[in-house]
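> Chain by chain, the residues run as shown.
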Amino acid sequence: MKGLVETLRATLADIRNALRARSNEWILKRQGTDDSSVLLHRRRIYILPTRAGLLFATVALMLLIGSLNYANNMGFALTFLLTAVGLVAMHHCHGNLAGLRISFKQAKPVFAGDKAQFEFILDNNDALSRSQISAGLERTVLVCGDIRAENRAIFTLPLVTSRRGWIACPRIELSTTYPLGLFRAWASVHMDLPALVYPRPMDRLQTILRTSSEQGLSGFSLSGEDEFSGLREYRSGDSLRNIAWKSAASLGILLVKEYKEGGQMPLWIDWNQLAYPDTESRLSAMCRLVIDADNEQQIYGLRLPGVAVSPAKGHSHLHHCLRELAMFAPTKPSRS
Amino acid sequence: MDKLPPLHEPDAQDKRTRILWLLTVVLFVSLPHLLHVNIWITLLLLGVGAWRYALEYRNWGMPSAWIKVPLVFAALAAVGFTYRSITGVEAGTALLLVMLALKILETKTGRDLTVVSAICWFLMFAAFLREQQLWAIPYILFGVSLSVAALIQISRVGAVLPSRQVITKTAGLIIQALPIMLVLFFLFPRIPAPFWAMSTGGYSAQTGLSDQMSPGDISSLSLSDSVAFRVRFNGAIPPASERYWRGPVMTYFNGREWSWADRGEPIVSVEDLLVGGTYYEYELMLEPHGREWLLALETPVQWSQGKAYLSANLQLISQTPVQQRIAYTARSYQLARKQVPDVERHIQAMRYLPTGRNPETLAFALKLRNESSSDKDYLNRVLDMFRQQDFYYTLRPPRLGNNPVDEFLFTSRRGFCEHYASAFATLARAANIPARVVTGYLGGEVNPINNDLIVRQSDAHAWAEVWIDGNWLRADPTAAVAPQRVELGLDEALSDRDFDFRRNMRNTQLFHQAILSLDAVNAAWNRWVLAFGPEMQSDLLRNAGFDKPDMRDLVLLMAISLSLLMAALTYYLRFSIRSNKDPLLQIYETFCKKLAASGVTRHRSEGPASFAARASRLRQTDRPQIELITQMYIRLRYESVGSAAPTEELRQLTELVKAFEPTSG
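From first to last, the protein sequence lines stand for chains H and Y. Each residue of the first sequence is one higher than the one before, starting from 1 at the first, in the working numbering. Each residue of the second sequence is one higher than the one before, starting from 1 at the first, in the working numbering.
Just chain Y, with the same shape it has in the complex (with noise of 0.2 Å):
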């Protein structure tokens, strides 16, 4: 028999127990943030939670309010110095870990862990604003586990339990919960978002293209090998020297900086372009970058971004900044041109040169003009001038000085794409011929798993773009100084000088094959878990047979299924523990059957006792048996210790029951 103690304070060990699960999970959630956050909110959480475990070990004090008080005022100033700011997500998990760690600091009593559970939970929401990568599967199953287990503990009056039986109990509930869950994910319906827009930031730090190029003051371009996007096409994929990827295009120059007139640009309709040349038709899935461009193959002329627009520099632009991951399909031709030639004012602002900057060039572009017969020949002088003359194509240029084009033309020589794009633009301009930069991506590597087209933040790339005869025509100098930039890829363009250990890395097959199987597996999440949302569920209830399935199909779907779950769960709950029964019980509702086929029936509220001396009564002749097995019965069941009752009576009890036959009355 089993006893129910009175209540108790928990002892030292149980309150160490329920602590050092609850710094498990504080430690856990916060894993993901502690390589982002400053040092100094790294330093106080592990402090912190290492001091309060302590604490718990020492039976020292807590601390006084003299000393929390002001902790929490300095702590708030510092993120606020630190972040310069206490919203957005980066300053915003900044203030939740301090948070935490202040509330860990006080934390007493049930209900404090309580809170820090529940702080952890938003934790790791924060931890998803900034990536939602392939560990956010194991950081959810882990994280929500350790938090059900704390919690476990933390409700538990009295003694904590053994953690074997913690862990089996989390399991069951963790295992029933999966299928609520995915019933919820699916089926919960999805609103176009954002409603609120509030910015996530985070995108700052990332490498990518930017609204303005200034070669002259990089000395190395840092290559991230993070994804840029990725691209499915319908059919076969486009050669490495078509694939240039249009982003920010560069219309204004000063000398030294080039930079994308954004808005204000007039707006370019599909049905003025006239359009040629073999067309791709591609799914196209963006990672966010926090900005307005989109990519595109040249020339889009569709697309199934809705809130996006084709600028008069063929720029396709989104309406709001690219804040999620994206996909889209359009459709680009190789050859494009307006039916609508451009406005002579839009044409005469990509000759502007600023005055007295570069002087060396302009003198240099007017005398090559002069012994050309014509533009395209002058420009072609310029691509030769780069194919023949001493020009090196590296990551590593010079820093140049206040005059970088004439610098680059005719001392250093030294540069990368933008440095040539530049130079050309710049050239082309200083003759009167219109000229502009555009950036994006060139090439990218295709995986041959998925067949998907992988591009890099690596393989960003700047061009140029002259008027030539009334039309736009693409010049990439850097095919000039290094081809193999163009046909092959960065890493082939690059000297054994600049990046040995990145080209012996990226030329180790397994290594290679490694990263390609992993780029699947993630563009297949991306493709089909995180790109879930309004559009993709409506698709899940049409192949499921909604013809035309609207929010009120998918509440009802979803309701559905919940109650069924539910149902599930009750069912499992109540019949599959109910197994056996007590052998004693079974062996007494057979002697009450009995008793009752011979006509005295037990009322639902007798006791054993009182039923045998009624039903002895009523069967004077049956008095000696049903006072015997009455009175074994109550010894094995109510003074019996220990979780049965002793075999050998029980056995005595069942002969005893057998045998007995009431005479009816």
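With the rest of the complex left out, here is chain H (with noise of 0.2 Å):
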């Protein structure tokens, strides 16, 4: 019996899924792809009732009949506000989400395994406040507020990233169920938007047992010869060597050491001196070592077979870096 009941509930949720793929293909090609400005039009807005819709729908039929029945004029009376109120609804609902414009900010890149934030802003121009809107990527709902009258609002969804190289954002979905729940209104944006996802940063310590110590690592110190100048906020891809931990535990904040330059010598980070069986994890351990040089101001340069980016250092080198590592396609079979 109970088995039963789950093979129909699977069927179900089966046919609706093939459904749902069904109208979002045929909506695609309705609408084409969408620039990174968007005006959500009447004509673009789709609305369906919700599952406490069809039981409210269900309900004011069997009052109707009861009322019939009984030639019950109060019934009809309850009965027909009912229906009159679920219609009104309805276009409230529809009327919430139309004339929005979804415009997209930027996506900062991430590092393999963390989330794509993808930052869109939602301007509403009319002098009517929208509730409860909506977003999410697919059918997934990811973030839900409210735009007051003439007002933007921003918003981020985040992508869940497992390899470098670039991500397409998919098909975002603003939806509301705005006033009653009893409909749900949304609109399918289909944008292109690519975001860029850096290697994942090897693990510290396994990459420097991974490393040649012998060839051009020499700016690479573990020995803390360097100048301490003093302590600044953590960053994302700081190395947990330099983390300040007592200070961090009496300021409850991650503070970081910093330490002037040591060696002049710029450090290369080369392809063939690190010693990994395959590309993604010879391109993590680089990733490792680009930001670990970064954090400690060295000077340094990136060595990939077929690419290379001289030494230098600063925030736009750094991603100048970690974007080739991102992007990297090797022509021929690894060496290794």
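Treat the hints with care, since some could be wrong.
In the DSS-like style, the derived pairs of lysine-lysine whose C-alpha atoms are separated by at most 25 Å in a straight line are [stated by the list, open to error]: (1) H:105 / H:115; (2) Y:3 / H:105; (3) Y:338 / H:108; (4) Y:593 / Y:658; (5) Y:338 / Y:367; (6) Y:593 / H:115.
Hints listed in this document are in silico derivations from the structure and should not be mistaken for laboratory results.
Join the two chains into one complex using the hints; note that each chain is given alone, in its own frame.
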């Protein structure tokens, strides 16, 4: 019995998902791919009753039959008021979404395994405040909130990343069930938004152990010879080694010790000097070295098969290097 | 700038607010039921509600299945035990209330809350099966509003709305829904009901006429002021002493109890009636009483109620029980007799008295008949006896034993109309004169506000009819004892001892005036709102210019009206709220227009920065202005925090755009 119910439920879910996939395909075909800023025109808003809406309709139908059977005029009044409220709510639900403008703001690069953060702006240029606007990727609702009249709202849609390279933003769905939860209006937005995913920096200790110590890593120091220059706040990618744990414990924020540059020799982070069997591990290790070198204000360069970034330092240099690592595609089989 | 925050679990305060709104709905919609259902159901519902609310405050856990499942069975069994049924309006309502209580007990998710509000709508409907008084309108409006407000709160993701905003939003939705509701109410095709007969019950407890009469069993007649029916006369209203409203005619007597031989009575065709005297035409609106008889002034010869016939006892009978308030017009003649005499068998049955019962009465009747010259003389002597001897009219007669007529005539001598009618008919039959008891109403009160005659349950009356010289004659022995009862109504006939309080209340002018005003409103309510059905709907269409309105016209008219309303609503939602645009956007659009006029048009998908770059390339001379304006615009647009751009910078930008004159390409 229980098994049967489960099977039935699974079948229904399958059917529902298939229908959803079909309708999404149809919507994409109908609307085409969108620009990075889209006005949600009324024609782009779809609306269907929710589960609660179906229950509501069923109750209204039963009340109608009851009223007809007993010729009960107050029953009719009740039934028709409920029906009318449902119809009005449907219009409000639709109107709550129509006329909004969604614009892509940015997607900052992330390391593989972190969540890519797609940032958007919703413009509400009307004198009507928008309530309960939900946004999400595919069918998952991720954020939900209100936008005041003639105002704008920012929201971020996180997307799990697993591997380096370009990751495309999936279908964005804006939806609302406001005001009564009886209907769900939604709009599909298909923006061609790639976000860059850097390789995941390898665990620090592992990197060191697998790195050949003689060659090219002369600037890379474990000894702490560098002169201590001060503390600054922790940034993602900072070496754990440099965290001032004592200060962190007393202040409640992570602080990182900064050192003046040690040796002036440019550090070459070289593909060929890393002893890893596969490309991804090698890139991951290089990513770690790049981050550490940047943290320690080293001057460093990057060598990949077919690509070289000449030594420099600073924020844009760091991202230049990381970008090369993220986009690196071995033209020939790796030598490992 | 607002922020759409990530989804999070609603906090305890939000959950509490939601439950509170829902419990308010539950309490409000169950109000009309709480006094009607068995007390344990009321207590269960209130108890569960209070407990559920406390649970939200105390952070107690929800009850486990070990408590809930036995509770469900216990509650269902208790309903079955209390009402001896689980169908019908009373038991059904009780069942809904119990289900509601149990659902509240386990309500956790938004879906549970929605189910609770759905049960609430059924409960509101159930209230109208019991009665549809004027209070139904505020009850519907508030009940639906409250559940809409609760739905707004329940369906919210995250924090609930402040109460003021909920009320504003709810009021908006309801006000916009009302025109749609009215269109549906008046134009949705009505069909003759019921198509699925189901007893609504609920009338059993009402006082009123019955199909049997046993005066010896009643020691105190309670008077109900509830309305039995209302009458609007076409023309003059007959005097009080002529207003005999004929109901069930009792022909069978077992010595103690008179009873109505319902069905099986022959039908009389109105063509066989010989009528004379004054006639009255009227419209009668009968409150439902759950039985087959219709009330009519003696003697009805025309009536508009289709499924009704006149029995051999000249009683108007409906083929189906009166389950709803019905209205019919009728014409009654003061005098009416059948051209074809009643068959002897029919008459003979009305001479029957059970042997061995009321022996003193029988002996007295024989003696008196022998002293009389004729049947008529004998009956007049009987009436004289009531008039002259020590008989009293009272609503609190003593209980009578096995020979109730004997005891009444020779011992107690106190009683009300039923006692007198019963004794009179018994005495007539004892002298071999065919006789029957007619029950119905006598009199009624004219409401000066709308000239309606209001006949209440307290106007119920019983009188006798005797067969003299081939004709049935009315004899009202109560009139002999208490003539005021017939001329002026019940209140005047009662001795002071009987109902002091009642008389005082009724005689307070202001109170009485209020009662009559209320009744006028109720009558209008019944006439115009509750009686609205297929016939009135056809009339409505006919008045609107349709020659032969049918269902297709109705549906068409309804569809057109609804479409118009929907279009109006869409228009309202779309344009009334679009006020002034964002001033910043307006300035920027002016800038773009100026450039477009010079030959550089911004593409729909082009962002401000890329457009500026392109425009600068094409209009090298204007490059500084283009870049400055665009930079300012971008900064104001994308970097300013708060709802509006800083006014000073906005002013500067306006100036810049105003002064901007691009060279033509």
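> Does the structure break any of the earlier hints, and which numbers would those be?
Checked against the structure, the hints that fail are numbers 3, 5 and 6, while the rest are satisfied.
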